[in-house]
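**Student:** Here's the letter readout for the chains.
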Amino acid sequence: MIDYQYLKPKSLEEALSLLESYGERAMLIAGGTDVMVGIRNGKFAPEALISLRGLEDLAYIEKDNDAYRIGALTTHRMLETHPLIRSELSALYDGASQVGSVQIRNVATVGGNICNAAPSADTAGPLLALDAVAVLKGPRGERNVPLSEFFTGPSQTVKELDEVLVEFRVPAVMGEYGSAYHKHSRRKAMDLPILGVAVSLKVTDGKIEDARIALSVAAPTPIRAKRAEDFLTGKMVSEDVLEEAGKIAGEEASPRDSLRGKAWYRREMIETFVPRMAQKALERLKNR
Amino acid sequence: MSEYLYVGKSIPRTAEVDKVTGRAIYINDLKRPGMLYGKIKYSEYAHARIKHIDTSKAKKLPGVRAVLTGCDIPDVRVGFLKDQTVLKRDKVRQFRDEVAAVAAISPEIAQEACDLIEVEYEELPGVFDPFEAMKEDAPLIHEVDARGRPVSSNILPLPWRFSAGDIEAGRAASAHVVTDTVRTTWVNQCCMGTSGCIAEFDMNNNLTLYNQANVIFWDKRRIMEYFAQIGLKNSKVRIINPVVGGSFGTKLDTDIYEFIAIQLALKTRRPVKILFTREEEFRALPPRQPAVFEIEQGCDKEGHLTFRNVKAVLDNGAYTSWGATTPSVMMMPISSLYRVPNVFFEAKCVYTNNIYCQAMRGYGNPQATFAVEVSMDHLAEEAGIDPAELRLINCNHSGDETPMRLKITSCGLEECIRGVKEKLDWDKKRGKHKGRGVGMASLIHVAGGARVYKSDGHGMMIKVDEHGHVDVMSGGTDQGQGSPTVLAQIIAEALGFRPDDITLTFGDTALGLWDAGTHASRHTFIAGNAALRACEKVKRQILELAVEEIPKLVKHQIKRKKRKDPDFKEPDLDFSLIANPEDLDIKDRIIFCKKDPENPYFRTEVSNVLREALHVGTGQSRVVAAEAFYDPPTEMLDREFKGNLSCTYAFGTTGVEVEVDKKTGEVKILQLYAAHDVGKAINPTLIKGQIYGAGYIGVGYGLTEEMKLEKGKVMNPNFLDYKMLTAKDKIPVTPMIIETDEKDGPFGAKGIGEPGLVPTAPAIANAVYDAVGVWIKDLPITPEKVLQALKEKREKEK
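Protein chains in written order, with the numbering used here: chain Y, 1 to 288; chain V, 1 to 798.
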């Protein structure tokens with residue numbers, strides 16, 4: 001039978017001390033849209049749920065000279081409706097606005113989406129392509145982990161059991177990039193991506209100065225397609241160049257056959273959507 | 001045509017206010033005093049021998065009131081071919097096989113107890129493809145038949161074979177012939193309300209079963225048959241429907257969980273409720289019947305169809321329910337959609353270790369129409385004729401008798417085809433093959449009942465009380481289809497009352513007369529006709545009373561006026577004008593004199609008359625009530641599967657414009673026109689609702705929905721992986737209502753429940769071909785399949 005204690009600490013310190021005392025027997029819960037489903041399906045059976053919902057000060061979107069700061073408890077709906085995200089970190093807007101439904105986005109948090117570490121997480125690709133850094137707090141203090149080093153496997157991350165993810169930092173310079181994310185799915189709502197492609201580009205006078213490409217459901221974790229990025233850097237924008245980058249990214253990926261999609265199809269979608277998202281990112285840059 | 005007050009008006013559904021405000025009582029909400037909760041333990045194998053079942057741990061769990069296995073209940077066979085037992089004790093043949101059941105004080109405890117039951121299996125080789133299952137060395141799903149005689153094949157003893165004319169002669173007369181292999185798969189009915197029931201016995205062993213059956217009298221019959229075999233032949237059975245959250249065919253057969261609830265209730269002497277989870281709905285409810293068709297079709301130089309030759313193989317799954325009878329409906333489009341003189345159709349149903357199937361909206365028609373209509377476009381291309389033109393050349397018309405001996409009465413098919421063609425701007429848009437394309441498909445379906453049982457009747461009782469309230473007891477059921485509103489409109493119109501005056505009671509075997517069920521798009525037509533006949537009697541009774549009572553009422557009235565006003569001048573009234581019931585009529589609850597309709601003395605509320613007739617103070621008081629039973633003048637199919645099984649037939653055409661992304665294989669529907677010959681739209685909004693809903697299910701069937709089975713196991717038993725369309729995937733459906741005023745229909749109406757779904761998938765397949773030149777003849781038309789086909793096409797063209 002499903003049975004657990006529900007603990008709702010009022011401060012981060014209290015949350016950390018609860019984590020310490022319960023250890024493996026506890027799970028953190030924020031929006032609950034993954035955790036509760038997992039409990040119901042028998043994937044998790046924690047003795048205690050430590051809710052972060054009392055830590056309201058961890059839900060924020062801010063920008064200072066160094067970085068965009070996004071609190072881990074920021075909901076997808078907050079991201080979706082924030083003008084800064086939409087205009088300057090567009091890929092994250094794309095990802096956040098396509099999760100589940102409005103009802104789900106109202107409770108599901110970006111921190112939860114990342115810590116759940118599903119290969120299909122819709123904010124993972126955009127945050128990777130935006131060079132985000134995850135800020136973790138624990139009994140040993142605070143540490144910053146680039147998102148590209150955060151995931152270690154399906155449902156696995158570098159976050160220790162006694163740590164709490166508190167913030168994402170996206171370098172302020174990313175505001176100068178154009179970015180876009182495509183969630184390739186069969187439906188327009190209540191769906192997971194068969195494949196996700198996020199691209200961010202910095203372009204001056206038609207020359208690609210910097211490129212970041214992130215893929216989800218293309219490997220056991222969300223990944224960066226670094227060879228494709230390197231290929232693009234320094235090139236003049238053209239249809240052929242973008243097509244070629246798509247091909248390289250397709251080769252870099254290691255998608256698998258699953259109920260939701262075949263590996264060959266996923267690879268072809270990478271080839272299709274890397275150039276399409278690059279074009280979208282360029283258009284956004286132009287329209288700024 | 002006369003002016004109607006309520007027929008033809010889009011009156012809002014009245015009962016639905018309770019649904020949208022959460023007040024309606026579904027099976028989920030229903031509780032009975034002392035009620036227990038039942039859960040079912042399902043098989044862990046697709047095919048295995050049961051060696052041992054240990055229930056000891058489950059029985060010890062606090063809160064458990066009963067644990068049953070096949071050894072605890074009578075070994076009685078149930079189902080259409082009596083090929084299964086309620087709880088399986090020797091062998092499991094599919095993952096949904098019920099091996100044990102628990103009743104407990106909460107659903108959680110019951111589930112925990114189920115998990116504690118230990119079953120030891122010996123796995124047997126399974127067979128998951130009907131073609132494999134037909135091979136000689138295939139494992140046998142059933143070793144013996146219902147009578148215990150040994151069986152040597154997995155092919156069901158159901159010889160579906162239809163023949164009309166001469167196929168060879170047809171072939172010889174053909175200038176063009178095409179052959180296609182067409183496949184359809186399992187789809188789930190996806191009712192919003194999951195399945196469930198409550199079984200409750202009284203001390204005399206009479207059963208009240210609260211369930212969602214849409215054929216309550218057949219449900220009762222099947223349970224009575226079961227009772228006769230388990231020693232309860234003197235028990236009575238009453239079926240009561242709570243509010244039902246959709247059926248779409250799922251509630252046509254009595255499901256095993258209902259028998260299990262009955263057994264648990266018998267054992268515990270307490271009411272027992274079984275309520276399916278969504279996962280169970282996917283794993284343990286029979287879905288739509290899949291089929292593989294080989295279709296061959298030909299036409300002469302002018303495009304006249306010469307023959308149609310169809311062979312189908314149906315994956316029956318492990319047991320037999322209504323899915324195995326879908327060929328009886330497949331015959332209808334195969335023999336009668338468009339004029340085709342020579343027809344052959346044969347269907348084999350084959351046992352496998354997959355999930356077994358049932359009815360779903362359209363009942364075999366969507367599968368067969370997919371085959372026929374994809375073949376039509378293929379033939380059109382082969383013959384070099386525009387596909388719409390080929391359909392018009394062979395169009396069905398009023399007065400036709402088809403090879404199946406269906407007598408076509410009213411027929412709006414030509415209007416439907418032409419209407420869709422015009423709306424789509426067909427001639428301009430077709431044949432471009434540049435990523436956008438148009439396609440169409442049509443349908444024929446029963447629309448005036450369907451004589452699949454020996455009685456296709458419907459009984460209706462109507463009473464009108466002294467307050468002018470009209471209570472209607474229908475033997476039919478309401479799964480949310482809207483016919484209660486439509487029937488209220490029909491009754492109001494026929495009686496001269498208002499729809500608000502009418503209260504309908506459905507779905508109770510104790511309160512209603514026989515009805516053959518809310519299925520086959522028959523309710524409006526059959527119940528509507530019963531209503532008209534009952535209304536005629538009721539109205540006659542009211543007017544007979546009026547003839548006696550109105551003069552008395554008038555005299556009272558004059559007397560009163562005189563008392564109040566001594567100067568009041570008595571009017572000169574000619575009572576001979578209202579001497580006979582024929583002299584009177586009712587409109588808006590007011591009885592009036594036909595020859596002098598504005599005369600205020602001859603106008604009175606029905607309730608005044610009824611009150612006068614009831615409260616008479618002598619032994620002469622009277623009430624108004626009548627019943628009517630309508631059984632349409634139709635035929636059962638004969639041994640050759642021929643006969644006019646419906647009073648009239650529905651026709652319709654769906655036309656779509658699609659855009660295909662050649663790099664992703666995605667199909668986007670830009671426009672969908674659904675033209676339907678509905679006879680007469682009694683409530684246009686509700687008709688549109690049926691067309692929208694059916695169109696959505698049709699698009700799901702065509703593009704996204706499939707139950708994925710791996711070695712018999714349903715791998716996507718949830719709405720995340722079962723891709724039913726959401727509100728955000730809006731399809732631009734435009735319903736087009738064609739009225740042909742069917743002579744036998746109530747106010748001219750035909751049935752519309754199923755038709756909208758039927759031609760949707762083939763119209764999409766044909767449009768995809770028009771857009772990018774590939775034909776996906778295997779539903780659903782997924783992006784993977786489109787992309788694969790495009791690649792193969794490019795390879796070929798190299």
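Errors might be hidden in some of the hints.
Think about it this way: if two alpha-carbon atoms lie no more than 30 angstroms apart in a straight line, the pair counts; the simulated DSS-like pairs of lysine-lysine are [what the hints assert, rightly or not]: (1) V:K91 <-> Y:K262; (2) V:K60 <-> Y:K286; (3) V:K429 <-> Y:K247; (4) Y:K43 <-> V:K19; (5) V:K59 <-> V:K429; (6) Y:K286 <-> V:K91; (7) V:K82 <-> V:K301; (8) Y:K188 <-> V:K82; (9) V:K793 <-> V:K662; (10) Y:K188 <-> V:K663; (11) Y:K247 <-> V:K791; (12) V:K432 <-> Y:K188; (13) V:K19 <-> V:K713; (14) V:K730 <-> Y:K262; (15) Y:K262 <-> V:K60; (16) V:K301 <-> V:K91; (17) V:K663 <-> Y:K207; (18) Y:K247 <-> V:K407; (19) Y:K188 <-> V:K91; (20) Y:K226 <-> V:K728; (21) Y:K262 <-> V:K708; (22) Y:K262 <-> V:K668; (23) V:K311 <-> V:K301; (24) Y:K262 <-> V:K429; (25) V:K301 <-> Y:K188; (26) V:K267 <-> Y:K202; (27) V:K668 <-> Y:K43; (28) V:K434 <-> Y:K247; (29) V:K91 <-> V:K59; (30) V:K728 <-> Y:K188; (31) Y:K188 <-> V:K454.
Simulated from the structure, these hints should not be mistaken for lab results.
**Student:** So, for every hint listed, does it hold in this structure?
**Tutor:** Status of each hint after checking the structure:
1. V:K91 <-> Y:K262: With Cα atoms ~35 angstroms apart, V:K91 and Y:K262 exceed 30 angstroms; violated.
2. V:K60 <-> Y:K286: 71 angstroms, violated
3. V:K429 <-> Y:K247: Violated. V:K429 to Y:K247 sits at ~34 angstroms, over the 30 angstroms cutoff.
4. Y:K43 <-> V:K19: With Cα atoms ~35 angstroms apart, Y:K43 and V:K19 exceed 30 angstroms; violated.
5. V:K59 <-> V:K429: With Cα atoms ~68 angstroms apart, V:K59 and V:K429 exceed 30 angstroms; violated.
6. Y:K286 <-> V:K91: With a Cα-Cα distance of about 68 angstroms, the restraint between Y:K286 and V:K91 is violated, given a limit of 30 angstroms.
7. V:K82 <-> V:K301: 50 angstroms, violated
8. Y:K188 <-> V:K82: Roughly 44 angstroms between the alpha carbons, so the hint for Y:K188 and V:K82 is violated.
9. V:K793 <-> V:K662: Satisfied, since the Cα-Cα distance of roughly 12 angstroms is no more than 30 angstroms.
10. Y:K188 <-> V:K663: Since the Cα atoms of Y:K188 and V:K663 sit roughly 19 angstroms apart, the hinted pair holds (cutoff 30 angstroms).
11. Y:K247 <-> V:K791: 17 angstroms, holds
12. V:K432 <-> Y:K188: OK: V:K432 and Y:K188 at ~28 angstroms, within 30 angstroms.
13. V:K19 <-> V:K713: Violated, at roughly 35 angstroms.
14. V:K730 <-> Y:K262: 26 angstroms, holds
15. Y:K262 <-> V:K60: 47 angstroms, violated
16. V:K301 <-> V:K91: 57 angstroms, violated
17. V:K663 <-> Y:K207: Holds, at about 27 angstroms.
18. Y:K247 <-> V:K407: 60 angstroms, violated
19. Y:K188 <-> V:K91: 43 angstroms, violated
20. Y:K226 <-> V:K728: Distance of about 35 angstroms is beyond 30 angstroms: violated.
21. Y:K262 <-> V:K708: 14 angstroms, holds
22. Y:K262 <-> V:K668: Holds, at roughly 21 angstroms.
23. V:K311 <-> V:K301: Roughly 25 angstroms between the alpha carbons, so the hint for V:K311 and V:K301 holds.
24. Y:K262 <-> V:K429: With a Cα-Cα distance of about 34 angstroms, the restraint between Y:K262 and V:K429 is violated, given a limit of 30 angstroms.
25. V:K301 <-> Y:K188: Status violated; Cα separation ~46 angstroms.
26. V:K267 <-> Y:K202: 73 angstroms, violated
27. V:K668 <-> Y:K43: Violated, at roughly 36 angstroms.
28. V:K434 <-> Y:K247: 25 angstroms, holds
29. V:K91 <-> V:K59: Cα-Cα ~23 angstroms, so holds.
30. V:K728 <-> Y:K188: Holds: V:K728 and Y:K188 sit about 6 angstroms apart, inside 30 angstroms.
31. Y:K188 <-> V:K454: 47 angstroms, violated
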